[in-house]
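First to last, the protein sequences are chains A and B. If you're matching positions, the first sequence starts at 0 in numbering that gives the first Met the number 0 and goes up one per residue. If you're matching positions, the second sequence starts at 0 in numbering that gives the first Met the number 0 and goes up one per residue.
Hints in this document: simulated from the structure, not taken from any laboratory. Each hint should be verified, as a subset may be incorrect.
[To be verified] With a Cα cut of at most 30 Å, we get these calculated DSSO-like pairs of lysine-lysine:
1) Lys204(B) / Lys190(B)
2) Lys190(A) / Lys101(A)
3) Lys204(B) / Lys101(A)
4) Lys99(A) / Lys204(B)
5) Lys190(A) / Lys49(A)
6) Lys57(B) / Lys204(B)
[Said to hold, decoys possible] So the derived label-pair ranges between C-beta atoms look like this:
7) Ile178(A) / Phe38(B): 46 to 54 Å
8) Phe38(B) / Ala175(A): 17 to 25 Å
9) Met0(B) / Leu186(A): 41 to 49 Å
10) Tyr72(A) / Phe194(B): 46 to 54 Å
11) Gln275(B) / Leu255(A): 37 to 45 Å
12) Tyr72(A) / Leu47(B): 45 to 53 Å
Think of the CB as a built atom: it goes at the ideal place given N, C-alpha and C, for glycine as much as any other residue.
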Amino acid sequence: MRKSPFNTILSGLLIAVMTVWLAVPFGMALLWSLVDPSQAWSYPDILPPKLSFERWSLMWDSTSLPIAMFNSYSLAPMAGVGAVLLAMPTAYAFGRLEFKGKAVWQTLVLVPLIMPGFVTAIFFASLLFSMGFFARYPAILVGHVVMLLPYAVRILSVSFSLVRQDVVNAARDLGASPISVFRVAYLPVLKPGIFAAFLIVFILSIEEFALAFVVGSPDFTTIPTILYSYLGYNFIRPNAAVVALILVVPNVILMLILERLLQSANPAGISGKG
Amino acid sequence: MRNAIRIGLLLAPGVGLVLAFMGAVLYRAVAQAFGLYDFSGTSDGLSLAHWQDVLTTKRFWRAFQWSAYIAASSAVIAVALAYPIALWLRKPFRGSLILSAMLKAPLLVPGLVAAFLLVNVISYHGFVNEFLVWAGVWAEPRRMQNDSNGFAIIGLQVWKQMPFAFLLLSGAVQAIPDPVLNAAQDLGAGKFARFRKIILPLTTKAMQAALVLIFIGAAGDFSFQTVAGPPSVNSMASYMASLQGSEGDWNGAAVVAVMLMALSLFGAIGLTALVQLITRTLGRLA
Chain A
0 MRKSPFNTIL SGLLIAVMTV WLAVPFGMAL LWSLVDPSQA WSYPDILPPK
50 LSFERWSLMW DSTSLPIAMF NSYSLAPMAG VGAVLLAMPT AYAFGRLEFK
100 GKAVWQTLVL VPLIMPGFVT AIFFASLLFS MGFFARYPAI LVGHVVMLLP
150 YAVRILSVSF SLVRQDVVNA ARDLGASPIS VFRVAYLPVL KPGIFAAFLI
200 VFILSIEEFA LAFVVGSPDF TTIPTILYSY LGYNFIRPNA AVVALILVVP
250 NVILMLILER LLQSANPAGI SGKG
Chain B
0 MRNAIRIGLL LAPGVGLVLA FMGAVLYRAV AQAFGLYDFS GTSDGLSLAH
50 WQDVLTTKRF WRAFQWSAYI AASSAVIAVA LAYPIALWLR KPFRGSLILS
100 AMLKAPLLVP GLVAAFLLVN VISYHGFVNE FLVWAGVWAE PRRMQNDSNG
150 FAIIGLQVWK QMPFAFLLLS GAVQAIPDPV LNAAQDLGAG KFARFRKIIL
200 PLTTKAMQAA LVLIFIGAAG DFSFQTVAGP PSVNSMASYM ASLQGSEGDW
250 NGAAVVAVML MALSLFGAIG LTALVQLITR TLGRLA
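Produce the entire structure from the sequences given, and follow the hints as far as they go.
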C-alpha cells in the first residue's frame, strides 16, 4: 500500500464527487416516487411538500405494473435456465477440448453482443410476422435465451477449464459411472459458474428493452417497457420513479451476489452491460 | 471424423443456435433492404428502390451523422476519462478499492433508468437548476433537457460506458509487470518515455476494444435518444424503429439497419486504425 498525501486527497475528493454522482440521481428518484399525489412537487419547492407511499400503492392497483412484473420475473428465470442448459455442451467443448477453429467459434458466439439490439429485435419480429407466429411471450423468451447465451457460454467455459483432469481420472479409476464422475469431479467446480451464468442472464433479461419493446408491442409489458411508457410522450415523473426503482434495486442486489459468486472484481466486466 | 462429429454436436446447441438465429435475423435485414419480403405487397422482387427512397431523404443523413457524432464523441471521451484513472489506480492505496467500486457502479444501472435519472437531475425542477438558483448563479431555472447539441446523450453514454472502459483499461494496465517498468526506469527512461514506450503499446489492444465496443453500443442507441435527445433529430435506431413502427415501412427500416451496421463496422475500423497510428507516432518520437 502506498501512502501519499496526494493520493489521499485526490481519492477523497473523487469519492465525494462519485457520491454526489450516484447519490443525487437516486435520491431524487426516491423523493419523486414518494411525492404524494394530492400535492404536486413543483418549482420553487426544494423538497416535496408531502411524502407518502400513496404513489406506490396507486401504481400497483391501477396500472399494468403487476402484469409487467409477472412477465419480467417469469421470463428471466426461464431464460436463465434455458441459456445455462444450452450453453453447457459448447462451454464443455471450449473449456476442455482442443480442436481446429476453436478461436473462431469462440469469437462467433459473441455475435449477439455486437449486433445493435434494435436491429435484432426488429428483424426477429419480421421473421415472426412472416411465420404468422404471434405468441409474444415464447418469442421474447427465445430471443432472450439466444441473445444472452454468449454470457453463459463465456462464464461456463471458464468453469469447465477449471475442472482438474486428475480428479476426473481418479473418479474414473475408482469405477465411477459417467453420472458419478460428473457429480463428484465436475459439479463442485462448476456450481459457482452455473449460478453466476444463471444470474447474469436473469439480470440482463429483466433489463432487456429492445426485444420486449418491439416484439411485445403494442400491449405486452415488461418492467423496462412500462418504464419507457412513462418516459415517452406522456412523461409521468413520479410513476417513472417508482418503476425505475423497482427495476434497479433488486438487480443491484443480485449483481452484488453475482460479484461474490464470481469472486472477481468485475462481474460487470463479463456482462459488459449497456 | 468421429471427433469432428462429436465437436459439432457439442457446439450445436450453443454456437450453432446463436449463429442460426443471428444469421436468420441478418439475412432478413439484408433481404428486406433489397426489396424481398415486402409486407405491403406492392412488390416482392430484388430492387434498389428502398435504398433510393431512404438514402435520398435528409432525415436519414441527419440521423446517420448524428449517430456517428454521438458514438465517436462518447467513445473518445469515455476512454479519455477512464485511461488516466486506470493508470492512477494501477497500484492499490488507501481508498482506491472503494473508488474503483464506485467508478464501476453505473454499470449496474440499466440504460433506461440512467436516462430517467439524468432527466430528473437536469430538468427545470431538477437538482442542478435548484442548486444553481439557490447558490445565486442563475436568477431562474433554465431549460437543459433535450438539448440540441446532444450533450445530455453524450453525458449519459459517458456515465454508463466510462466504467466499462475503466474495467478493460485497468485490466490491461495491471497486467504490465513491475520489473519491466523498473528496468526501463533503471535504464534512464523518464515518466513520459515509460508511458509511450511501454504502457501505451501494452494497452493499445484494450483501448481499441473499449473504443470499438462503446462506439458500437452508442451508434445503436435508442433509449437515450428518445428520452434525453433533441426531438428534432433521430438516431439511426430511433429512425429505424419509427419507420418500422409508425410507418410500417419494414423495407426502409431494413436499409437503415444495414447502414447502421455499416456505420458500426467502419467506425470500429476507423477508431482501431486511429489508435494504432497514435501509438506508433508516439513510439517513434525520439
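Hints and how they fare:
no. : hint                              : result
1   : Lys204(B) / Lys190(B)             : holds, 21 Å
2   : Lys190(A) / Lys101(A)             : holds, 24 Å
3   : Lys204(B) / Lys101(A)             : holds, 21 Å
4   : Lys99(A) / Lys204(B)              : holds, 25 Å
5   : Lys190(A) / Lys49(A)              : violated, 49 Å
6   : Lys57(B) / Lys204(B)              : violated, 37 Å
7   : Ile178(A) / Phe38(B): 46 to 54 Å  : holds, 50 Å
8   : Phe38(B) / Ala175(A): 17 to 25 Å  : violated, 57 Å
9   : Met0(B) / Leu186(A): 41 to 49 Å   : violated, 31 Å
10  : Tyr72(A) / Phe194(B): 46 to 54 Å  : holds, 49 Å
11  : Gln275(B) / Leu255(A): 37 to 45 Å : holds, 38 Å
12  : Tyr72(A) / Leu47(B): 45 to 53 Å   : holds, 46 Å
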